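Please model the complete structure; the sequences and the hints are all you need to start from.
Protein sequences appear in the order of chains X and Y.
Residue 1 is where the first sequence starts when you use my numbering, and the numbers rise one by one after that.
Residue 1 is where the second sequence starts when you use my numbering, and the numbers rise one by one after that.
No lab work stands behind these hints: they were computed from the structure.
These figures come from a predicted structure and were not determined experimentally.
Watch out, some of these pointers could steer you wrong.
[Said to hold, decoys possible] Below, computed lysine-lysine pairings styled on DSS-like, alpha-carbon distance capped at 27 angstroms:
1. X:LYS336 - Y:LYS4
2. X:LYS586 - X:LYS554
3. X:LYS586 - Y:LYS61
4. X:LYS381 - Y:LYS46
5. X:LYS510 - X:LYS586
6. X:LYS381 - X:LYS336
7. Y:LYS61 - Y:LYS46
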Amino acid sequence: MIAETGLAALWLAAGLAAYQFVLMVLALRSDIAVTRPMRGVAVIQGVLTLLAFGMLLLVFARSDMSVALVFENSNSAKPFIYKVAGAWGNHEGSMLMWVTILAIAGAFVALFSRRTGERTLTAALGSQAVLALGFYAFLLVASNPFARLFPAPPDGQGLNPLLQDPGLAFHPPTLYLGYVGLSVAFSFAVGALLTGEVDSRLARAMRPWVLGAWILLTLGITAGSYWAYYELGWGGYWFWDPVENASLMPWLAATALLHSINVLAARGALKAWTMMLAVIAFSMSMVGTFLVRSGILTSVHAFAIDPQRGTFLLVLLAIYVGAAFVLFAVRGASLKEGTPFELVSRESGLVVNNLLLSVVLGIVFLGTLYPLFIEALSGEKLSVGAPYFNALAGPLALLLAIMVGIGPLLRWRRERRPVFGQLKIPALIGVSALVMTILAAPAMHILPRLGFGVAAYLIAASILPLVGRNPLRAPLATWGMVVSHFGIAVALSGMAANAAFSSERLAIAKPGEILTVGPWQVQLESVTPTAGKNWTANEAELRASRGQGAFTLKPETRYYSDPPTETNESAIRTFWNGQLYTVVGKEDASGAWQLRLWWKPFVTLIWAGGALIAIGGALALLGRLLPLLRRRRFPEWRRRYA
Amino acid sequence: MKPKNQRLALVSAAIMALLVAVLLAMWGLRSQASFFYTPADIAAGKAANGEAARLGGMVEKGSIRREPDGVTIRFVLTDGRATTPVVYRGIVPDLFREGSGAVAEGRLQNGTFVADTILAKHDERYMPPELGNLAAEHKAGKTLEK
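Following this line, the structure appears as structure tokens:
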């Protein structure tokens, strides 16, 4: 009955979404006030989808093998947490999770949004319902997560062991929350284009959603990068894999949107521009979902290939994005531009930020999809990898990092002060860092060298907005900006250090032998067979030391039985100045084991920087939301009589 | 700046950005994209020496040999029509076995494919799409032979 309840809830939710669409059309064609019923329906729709998703979690938790999806993706021998997480570790479940988040986001907008005009809100909720409707159709027609098997098989087929990791439990939900947060920005933009109410009120209503989505995307990308780093055992943190790009593209668009929305909120300018970015940001989320879920591209992450699902998603993508662009083309031109600004101003700085981010986005987008176009056109197969992305996106990212130091110093509308004087010290620091790398490491590649220089400059430049004022009095949003920009500098220095100073050792060793990597002496003590709940493994015991303080590392090669798979579990030891990363391979005929060792100085700064960027976003979000909460707790009338 | 001129400036800036992105990407893709070849393509001389490429096929039975350093392996990839020798220095990935499919990323050097990365089936369900087609072709070929 559990699965049937879930299915019924899904059908009902789909019906309500259709009803919401009808309400929107009614409200736009006449002046009937439908905001109240609209809000109610949106909330019920959210609750119903949540119920459906809860039912799916329940059948997975109970290992109900009569449900086809559970049979295909779970196994009763799995640890409990991965049984539950398995609910969204597959195609149908993850699509249900996507639409659940979408509907709940709609419900939250319905409950809490008071800032935009009523008509715009109604149109935005209608648009959100249309988005959800496509995914309901997809689930109910093409990929029903609750389909039954008869007779019920005795046990399931298991889950890709690469995914049996805490990373799986939290990585996709984080990214999906980010993707779907952008759907709200999209719906607001569509709503405002329909009613013509593109103003700073709209920007203020959109901003928390964009900020929230952006924070989650930042966290998701950072966590995903660390997951690939330790789980794949390849020692890299970013592979320019299509699935990684799928999460990077919405992030780039959201970052641009985040900056332009501030112009709209503060100055009422960049109206059409911001609406365009809101449409693009969600389009990139859809493209990302399409790339991951259709499995159309060669990828270390890709699951089974199913052209039908890919086609369905592609059609949805084309309808939504196409409709939004048509709407934009019809209405965008009639938008009145807001307050004008001069060439040297905060607005111009943010426009430059947006342009650079858009160029990077374009490059990543074209590089990711080019193999698809070529194969569709000529049948020729090719792949685009790290050399392309590094060579093109790398220098642009550095240029952007330089601009990050300048933009926040500029005033709105017109800057007449000699701002560049403030940047003398950061520039000096950056140049001396550059000179130092030339003197100390003449053989270093150009990109890491420039990376060090720009990172050193930005570490100083990013805190300038707090210099010369009482830092405690500065608004939280300013603190958030400073922390995020500082995080960029930190991540950049980690990437440069990893590229410039990593040392690698790949060799075979018999028990007792010692290998050297960087400052480390690593001795292979023994290799012993071990076993876990649903795997067996060869566990190596390594003793590492640099002079004093020896410690033990235990990398493994694991063999899973359901489905039969082998994974390398790296063993990593973190120090303040870097990570020692070890992987054990196979045994050869003479009893020696392959070992792969890395010493990666300051590599942790990459993820520390990512975390700082997200924390900065959280501070800014707090700074925007706190005044709202305060106002709600003390409404005007109560303040008057208190 | 007048609002009208400002809009014009913004629109042209956006178009410029788009053009720059497309031009940069086209330039980069021309020099950096790597093509997928089968051993038969290599035998036909389709891949230039030293050009970044991917090579896919089945690992020929009995062809895997390890060098004395223990970490360099040599093996032969086949597509049933031709074979290409491959050399790779590193830990071979999960489920890299004789008789199963693999994709090597690297470059051709004097007839030998020098791989930087080896991709093999991650699990029962994962198969690089190129290999999926290859396996299908292979089967089709065999049926025809019968």
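Check: Of the hints stated earlier, which fail here?
Finding: 6
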